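A.B. asks: As you go down the protein sequences, you meet chains X and F in turn.
For the first sequence, the working numbering gives the first residue as 190, with consecutive numbering after it.
For the second sequence, the working numbering gives the first residue as 190, with consecutive numbering after it.
Hints in this document: simulated from the structure, not taken from any laboratory.
Keep in mind that the hints are not guaranteed to be accurate.
Any copy will do: because identical chains look the same in the list, a pair fits if it lies in one copy or spans two.
Keeping only pairs whose Cα atoms sit at most 30 Å apart, straight-line, the calculated DSS-like set for lysine-lysine is [unchecked claim]:
1) Lys227 with Lys455
2) Lys420 with Lys632
3) Lys632 with Lys526
4) Lys473 with Lys632
5) Lys509 with Lys420
6) Lys633 with Lys509
7) Lys367 with Lys473
8) Lys547 with Lys632
9) Lys547 with Lys420
10) Lys367 with Lys509
11) Lys633 with Lys367
On a predicted model such as this, the values are computed, not experimentally measured, just so you know.
2 protein chains.
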Amino acid sequence: MPRAIEDVIAAARDFLGERITTNVALREHHSHGQDPHKPHLPDAVAFIETGEEASRLLALCHAQNIPVVPFGAGSSLEGHVTPVRGGISLDLSHLTEILDVSQPDMDCRVQAGVTREQLNEHLRDQGLFFPVDPGTPHCTIGGMCGTRASGTNAVRYGTIRENVLGLTVVLADGTMIKTGGRVRKASNGYDLTHLFIGSEGTLGVIMEIQLRLHPIPDAISAATCQFPSLKGAVETVIAILQSGIPVARLELLDELQTQACIAYSKLEGLEPLPTLFLEFHGSKAGVEEQARQAEEIAASYEASSFAWAMDTETRTRLWKARHDVYWAVQGLRPGHKVLTADTIVPISKLDDAILGVKEDIAGSGLAATVVGHVGDGNFHTVILVPPEPDGMDRAWALDRRIVARALALGGSCSGEHGVGIGKREFLEAEHGPEALAVMRSIKKALDPRGILNPGKIFLN
Amino acid sequence: MPRAIEDVIAAARDFLGERITTNVALREHHSHGQDPHKPHLPDAVAFIETGEEASRLLALCHAQNIPVVPFGAGSSLEGHVTPVRGGISLDLSHLTEILDVSQPDMDCRVQAGVTREQLNEHLRDQGLFFPVDPGTPHCTIGGMCGTRASGTNAVRYGTIRENVLGLTVVLADGTMIKTGGRVRKASNGYDLTHLFIGSEGTLGVIMEIQLRLHPIPDAISAATCQFPSLKGAVETVIAILQSGIPVARLELLDELQTQACIAYSKLEGLEPLPTLFLEFHGSKAGVEEQARQAEEIAASYEASSFAWAMDTETRTRLWKARHDVYWAVQGLRPGHKVLTADTIVPISKLDDAILGVKEDIAGSGLAATVVGHVGDGNFHTVILVPPEPDGMDRAWALDRRIVARALALGGSCSGEHGVGIGKREFLEAEHGPEALAVMRSIKKALDPRGILNPGKIFLN
């Protein structure tokens, strides 16, 4: 271990004690996320419990040019938490305090390590909820900010981007700043909050988040709707959005994904056909009206079935099945790994994009499903990686084709999983070299020594 | 005129011809916005008709260190368009093309000089609308992006921030970049779109905007609701928001503002009392339900009246009156100028803020009304400036007190009008010196020579 990192660890021990460690098991745990990228051990793991500690540690690392990689729940899918150049894995999972909830303001302030499940549990009695739902219950709010996460509710409530009012951030040199605030909007200088959201730990370490909350709706209804063809499903999605029905969730599963969910989650009454899962929020009369309107639209696009329910049990089973698609797909081919592609296109191109992806899948000789947040134009291709030596390479090749197709259709290489390691190669094609140069100049202005999560977002 | 500016004008004449001019009347028109700040003449005005022209002109100005100040409709309220250090006023009002509207995607691409009225006129037949409504019909979309504008609809549809998907921007050295794109969300690198929104022309010149649109609702109802006290009105606002009623507009007028509107706009059936103006969007059954629920809530906070209507005429008259508050206030004291303060606080502090402001008004000896987008916590104090020599100083002094009060309550110095010249002095108190230093470092990274709208946002 070179001298600089040893010095940092020794100096940090003064205020972190045993919470900075070179224990191999802990370093291994912090060497990767839930992605198939190559793990890399950090030199040490630091469990931070206060902003002050993060600030002091960053200042030490800054002085010695030691990389710092923020780590929340480790549920990242694009290699964000892998310390590809060693250094310190800055574990924020001890920061689990919900600092303040204001019912009249419908907002709260949380530490970065609070999980969405923990927060919603805490809020339930107050009639409020935090809507952003990337599927993983234990993902942290800090991590969600880092990757600009979204999920099933974004079509109605927006992504994390629309639900963060302000941040506390520690900069590369240890300086602590507050961005935004508690107000709903403001025209008060540069929007630093949105600059840090989606910056994947490369511009600063997010310590606290001021979140917008929403009232728990009086009534919720869920629906499933099946189609003989994908086209009808996609056309229904567009028509529902244009009708102004304030749909809360609008998810598409292709026929193979539906089949996998039927088998894995024991979903009854569904055929292995392209399927929409929907959810409506509002007053009791309102959700009934929304469901009826959606049913009429689906019928006009030749849906073969439409079933809706207001009971909690049916609804919970449905969304549990949606959140378990990863496991359901893995269940199709035991022994296979899974690679999840994450692309987004303008809604009008969904049809082209998904039908094209299905051709790409067929051409690849791999098995894969399509499932996603189609109300936003975002969908995932869940690729089964064969357990052969070239399996992962073939899966990556398919992933690349899918991204290229999304870009050609005016879409993006990532809807919600982020750039991390896996999407760096696409950024220049997506943004152009000049816009990418602006991003680099901002990175350089905020982190001139390049210590914050190096090797992510930018290729070099 | 120093040599550098003469060189720029001569060189720009090659591609702009008579569209770059030193005509005094045009320079005077471009020396100020709709604000009481001291005007300053630009050295020349350039009417740009293409991005290419803007790019070439910026490159020339960059080479010669000549200030460039973007100018849209000139309706700014904080001195943004005043060329305080001379240079070129870059007039974008010829850029009025609506480049593309996609009905299935519910989005469009417009040039910076398109006005919101022009756009909504164009969209009407397609069943879509652009919701951001700062009140001035002829304000440009480019200008709205520059000041992070909002208005009466923001409580339901968000501000310009939530309704821009991507931008085309010319940077200080003439480089043109695209940010964002057409997709609804993405996790694809730094959020440059939101960095330029609200940057008031200090980081780049916005040339084109990809906008999110919304379906025109099936039904709209409007309501007025009066209260014996301001407290009841504010409590009703909070309760309506918490109830989850998706209110589309939620405006408060204090008793003096209501009195002014009754007189100026001939509003019938209203008393000079604290008043809420509301609007509901949805299905026919939906807006009836929303209005009924709001009425029940208002009654429980002792509203003295609640009247709602679904006919277009009543609605149009009501919102025309709301948009004419400036003139209505001026009508109270002919010969007075008007200074509009623009503060925002967390919703729970609205009561304290507004009651405090009313004390500040009383203490100042000036006449002023309070009116605003209280669904967001944003309100304006419309100050009548006496035609005495110290009138404007007294009005500024009151404005400062109001801002200090908002900051003390966790609010912001500007809800929607921007920083410009008038709010610069408050930014350090609001954000802290460290966050302000981050803003400065971004300014330096993107505009190292400081040619873009100098003298705005930052004090020096």
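A.B. asks: Please name the hints from earlier in the document that this structure breaks, with their numbers sorted from lowest to highest.
C.D. replies: Hints 1, 2, 3, 4, 6, 7, 8, 10 not satisfied by this model.
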